[in-house]
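J.: With the hints as extra help, turn the sequences into a complete structure.
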Amino acid sequence: MMNNAIVLDGVNHQLNDKPFFKDLSIELREKRIGLIGRNGSGKSTLARMISGLIEPEAGEIRVHGVDIAKDRKKAIETIGLIFQNPDHQIIFPTVEEEIAFGLESLSGNRKQAREGARSFLASFGRLDWAERGTFTLSQGQRHLVCLMAVLAMQPKAVLLDEPFAGLDWPTTRRLYHWLDGLEQQVVLVTHDIDHLESYDRILWLEKGQLIADGAPADVLPAYREKMERLVFSDDEILGPGLPATNGEQG
Amino acid sequence: MERQVAFIALFAALVAALGLMPQFMLPFGVPVSAQSLGVMMAGVVLGARRGALSMILFVVLVLAGLPLLAGGRGGLGVLAGPTVGFFLGWPFAAYATGLIVEKWGKGNLLIAGTFASIVGGIFVLYLLGVLGMAVRLDKSFMEAASMVLVFIPGDVIKAFVAGFVLQGIAKARPSALLSRG
Amino acid sequence: MLSLTVEQRSWMHRLPVWLKLLLLCLFTLVLWPLADWRLLLASCLPVVLLYASAGRYFAKLGAQRLKPVVYLVAIIFIYQVVTGRIEEGLAICLKIIATVSLANLVTMTSRLDDMMAVIETLAKPFHALGLPPRALGFAMGLVIRFTPLFLQRGTQLNQAWRARSPRRTSPRLLVPLALSAIDDADRVAEALKARGGLQNTKTKETQSDSAPQ
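Chains as they are written, first to last, in the numbering used here: chain A, 90 to 339; chain B, 133 to 313; chain C, 11 to 223.
A short list of chain B residues far from chain A (calculated; beta carbon distances all over 12 Å): (1) Gln136; (2) Arg181; (3) Ala202; (4) Phe219; (5) Gly239; (6) Val251; (7) Met274; (8) Glu275; (9) Ser278; (10) Ile284; (11) Val288; (12) Ile289.
Label pairs and their in silico Cβ distance ranges: (13) C:Leu39 with A:Gly129: 45 to 55 Å; (14) C:Pro26 with A:Lys296: 38 to 48 Å; (15) C:Arg121 with A:Asp289: 49 to 59 Å; (16) C:Pro158 with A:Arg221: 29 to 39 Å; (17) A:Gln298 with C:Pro158: 26 to 36 Å; (18) A:Arg221 with B:Arg135: 20 to 30 Å; (19) A:Asp106 with C:Ile129: 32 to 42 Å; (20) C:Leu25 with A:His280: 50 to 60 Å; (21) A:Arg262 with C:Lys70: 53 to 63 Å; (22) A:Ala333 with C:Val58: 54 to 64 Å; (23) C:Ala84 with A:Lys200: 45 to 55 Å; (24) A:Leu331 with C:Val40: 53 to 63 Å; (25) A:Gly129 with C:Arg155: 13 to 23 Å.
If you are wondering where the hints come from, they were derived from the structure by calculation, not from laboratory data.
Because the structure is a prediction, the values reported are computed rather than measured.
Just so you know, even glycine gets a beta-carbon here, dropped at the ideal spot from N, CA and C.
T.: See below:
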């Protein structure tokens, strides 16, 4: 059981030719981890580094003992990444092909992968989706296909980068609830902090630096307070105060 | 009208993006610019007239000084270089490709797209490209042709990919195929 | 999206674009019939001087931009040497280098919007043939806006592939990329219509494309 952690050791990485992540070291053993921070805080880049899609310029990242940037074959068995927008993730025209793709990468056998995809769909009660066109599914259905395509590969950890954007409230809640039941280690990047209260550990990232790291009860209230203060003040993202509108109260 | 302009412009942008994209690699591990594949795609998806207009837009923007050609090249210098015939041949290549897809009745779209791309994106394009080279380099047509023949096998593969893309789009978004009315 | 215009201004930046284009055409036409490599070598001299007059940084950048052509020309020259036509090869290669570098010079010293203005002027006769006056400007803007977006989307799809496969990405990714372009085109068309569309003749042409200050 030594190796069931995501370990970042002295990670340095530049963004837009400027040092951004500076000597970042974290060890994540908890089963449910939330990663929060404002737009541009580096969450997505960090998510891609943990998935091994971006190799940090210096330092090492191991996920459950695997050097995910170098050993891509092991990496895809170890960690799965869910993208923010299904249109950025879905590659194939039918649901079955989309799910079989990852399985074929693992086994190297197309026929077996197709069968695996079908039985996985059946286990979800969605066998009727197999032949459906991925680009004819609704937004919520596409999100579910993305989840299934990653989970079918049975990775040891799943990383979700601001998933479920644009879904209605019950669908979002339903998917989150279902995620909670997964066996895998889950790292969730999100702005939807209400859902993180049941998590084990929260990382708060700003400009590539961890500014808080701890239990939800400690981190989330501080985060909420900071964000609410920003609503009525000048900030870097939108610039100085917006002009008064008729509906403004004071 | 708005839809047509949007399609024409966005396919010009797609061709530009394909030229600037380093990750798309074709088989045998040799990085080949996917830009001429984009020309075939514009033809098979948009059809003759709109495909040609899209490529005219692309050519005009490159001449205006946008670095949209593979490797970030662009500007008026392209017109003075030896590959000018290929560059100016793109609208014609897209037109020919699109025309064949439009006239292709029912039948396998993979074959239609591949065949159209071979005729438009290879035959027509090389005809104009080699003519341009022959004029620029003061060579006979055959002599100029012998200098570019090595690129044809790679372009045949691109034509297959264009056929595959046509088939994929026909499945997912039949209404988007302006070339199939 | 970067343009190929050099930000650092030189005296050539101040010349009107139409004049530069005219001079470029004249220069190219004069060089066209020349076949003596000595004359063509001499014709490179004014071009080099023009680059030099804009400063060291500018000249260095100009030389960099010429690199791809130089490679191509080198191959052609080797071919000429092998086939035993050295003088002819020298003439051809020098002619290409001189005309390409002068054309690059025009691009490097002309702002993109000035070039586009020239294009829109040249396109005016087509309005009679059914080209809506605003369409060309809109279309050019859309290409500039969407090229980096598609580039980014290609990168993302490439990541989506690599996240689930250790193998090299395949051209199969082009299908979802093309589909996303198609969907974007539909959305853009709606957004255009929602804000007045392209056929709107009430808007004055000169104001149509500039954002309110």
